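Trainee: So the chains spell out like this:
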Amino acid sequence: MSMKFDKPMTWQELPAGCLIDERATSLHFKTGDWRSMRPLWDAEKCIHCLFCWITCPDTAITVQDGKMTGIDYDYCKGCGICAVICPPKASAIDMVREEK
Amino acid sequence: MKTIAKTGNEAMAYAMKQINPDVVAAYPITPATEIVQIFSNYVADGEVDTEFVAVESEHSALSACVGASIAGGRVMTSTSSQGLALMHEILYIAAGNRLPIVIALVNRSLSAPINIHCDHSDTMGSREAGWMQLYCANSQEAYDSLIIALKVAEQTAVPAIVSTDAFIISHAMERLEVLEDEEVQRFIGEYKPRFSALDLENPKTFGPLDLQDYFFEHKRAQIDDFSKVLGTYNKVAQEYAELSGRYYPALEEYKTDDADVAIFTAGSTADTAKEVVDGLREQGRKVGLVRMRMWRPLPVEEIKAALGKFKAVAVMDRSDTMADFGGPVFLETRGILYDAKKKPLLTDYVYGLGGRNIDISDILRVYDEIEQVAKQGKIDKLITYLGVRGEE
Ligand code: SF4
Ligand code: SF4
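Protein chains in written order, with full-length UniProt numbering: chain A, 1 to 100; chain B, 1 to 392.
Treat the hints as calculated values from the structure; they're not laboratory data.
As the structure is a prediction and not an experimental result, all values here were calculated from the model.
Glycine included, each C-beta is placed from N, C-alpha and C at the ideal position.
Worth double-checking, as some hints may not be accurate.
Just so you have them, the derived chain A footprint on chain B, three or more residues with Cβ under 8 Å [what the hints assert, rightly or not]:
(1) 94-101
(2) 212-219
The calculated DSS-like cross-link candidates involving lysine-lysine, where the alpha carbons are at most 30 Å apart (straight line), are [unchecked claim]:
(3) Lys-341/B x Lys-375/B
(4) Lys-7/A x Lys-341/B
(5) Lys-204/B x Lys-30/A
(6) Lys-204/B x Lys-77/A
Residues from chain B that face chain A, not an exhaustive set, calculated with beta carbons under 8 Å [what the hints assert, rightly or not]:
(7) Gln-155
(8) Ala-157
(9) Tyr-191
(10) Phe-195
(11) Pro-203
(12) Lys-204
(13) Gly-207
(14) Pro-208
My request is simple: use the sequences and hints to build the entire structure.
Mentor: Here it is as structure tokens:
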């Protein structure tokens with residue numbers, strides 16, 4: 001069974017227990033809209049130390065081949081840890097108000 | 001079949017050895033300490049293949065059991081009183097995830113005041129957690145019930161608590177008949193878990209967040225499966241009787257056929273009451289006994305049928321609900337009988353809290369009083385605190 005959340009299941013249709021026959025289902029659940037502050041990343045200033053990647057509590061920093069590539073706003077909660085941890089000499093992340 | 005002498009704790013540990021679970025995680029607590037202490041000797045001596053996990057609390061013990069069970073193991077633990085209370089949160093998690101874990105429990109009162117002796121307040125306080133509950137009258141039954149409970153738990157995906165009375169059963173040496181190791185293994189069969197977190201070919205999600213959208217449906221399904229436990233229990237108890245010659249119904253009736261009055265009780269008190277029934281029967285008094293063995297799920301129809309026959313019944317409660325309306329067994333029995341066509345006059349005796357002794361004269365008094373109730377057709381005193389100083 002796969003949880004697609006399109007048609008709600010009755011209690012008789014559910015698998016026994018809280019089992020979901022699929023892994024990493026949290027990926028379906030985009031929680032980035034909780035954010036009130038948005039981290040803005042400046043690729044020019046970034047020295048790719050990956051401090052932000054290792055400290056982000058939401059695994060929202062994307063990395064490829066050992067290089068920071070950006071922020072996944074589908075999951076970033078705007079906590080600002082990345083901006084604080086980013087080395088002062090680099091200061092590659094700015095926190096700004098989330099505005100429509 | 002071998003005949004040996006064992007205490008209740010030794011009997012439970014011996015059954016655990018013959019079950020040979022994959023994982024036992026436990027924290028010691030009086031008077032259940034011995035169960036896992038003896039079992040850890042079996043582990044150290046290589047008599048079982050069990051992974052024994054020593055933890056720092058009962059909360060962790062049951063948490064480790066949950067993890068091991070999700071991994072697909074056959075899992076057991078043991079506890080008592082405060083230990084069960086500390087497991088309380090995890091009891092619901094095990095049951096909600098449908099993990100057939102079995103607890104060998106020794107019934108002991110809950111603090112305060114601190115007390116290490118028997119009453120049923122620990123398990124009665126966990127009635128709503130979704131665990132099957134069996135109350136044993138002696139060591140033999142504790143041994144047999146642990147084996148039966150494991151099989152029922154695994155077939156129904158409902159965890160089980162099997163309990164004995166602290167010190168009265170746990171530490172009293174009794175004659176015991178045990179099966180051969182192979183017989184127990186054949187009876188319980190190989191455990192085939194419905195899923196395993198270690199199955200890397202088929203990854204799954206365990207214990208997800210479940211809000212307004214599905215929580216109610218999950219609970220409804222759990223309640224439905226729980227209601228099927230009694231049917232499975234009856235079948236497994238029958239199979240066990242064929243193997244061992246010992247049959248344990250969910251509800252036991254003793255000399256009830258033509259009885260006018262009966263005591264409804266559980267645990268070791270039932271065996272004492274049987275002695276009293278035998279004596280009174282010799283005097284020609286029409287008294288009987290109904291013993292509650294399974295209290296979760298509730299054997300509702302069985303209780304209705306058994307108690308409906310009598311003019312009057314005295315419920316014996318070894319714990320209280322603090323509802324100012326007697327003990328849990330009384331309250332639930334009254335609820336069950338409310339819409340029964342035939343129902344007895346029902347009174348409650350709360351007794352034996354904190355291990356206060358209950359002897360033949362106490363039970364004689366209950367029979368005297370309940371016969372009086374039957375004779376006059378009315379109840380003078382609904383709830384009696386039996387054997388407490390200050391009460392008449
Ligand atoms: S703001 Fe917080 S959640 Fe968002 S990327 Fe930075 S550390 Fe991660
Ligand atoms: S902490 Fe700053 S400098 Fe380091 S990788 Fe992240 S954005 Fe770049």
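Trainee: Each hint should be assessed against the structure and marked as holding or not.
Mentor: Results for each hint:
1. 94-101: Since three or more residues must qualify, the claim that chain A covers the segment 94-101 of chain B holds, with 4 doing so at under 8 Å.
2. 212-219: holds (count 5)
3. Lys-341/B x Lys-375/B: 20 Å, holds
4. Lys-7/A x Lys-341/B: Violated, at about 44 Å.
5. Lys-204/B x Lys-30/A: 19 Å, holds
6. Lys-204/B x Lys-77/A: Status holds; Cα separation ~26 Å.
7. Gln-155: Result: violated, 12 Å to nearest chain A Cβ.
8. Ala-157: 6 Å, holds
9. Tyr-191: This interface hint is violated because 16 Å lies over the 8 Å limit.
10. Phe-195: Hint holds; Phe-195/B Cβ to chain A Cβ min 6 Å, cut 8 Å.
11. Pro-203: 4 Å, holds
12. Lys-204: 6 Å, holds
13. Gly-207: Check passed: Cβ of Gly-207/B comes within 6 Å of chain A, closer than 8 Å.
14. Pro-208: 6 Å, holds
The structure fails hints 4, 7, 9 (numbered hints given earlier, in ascending order).
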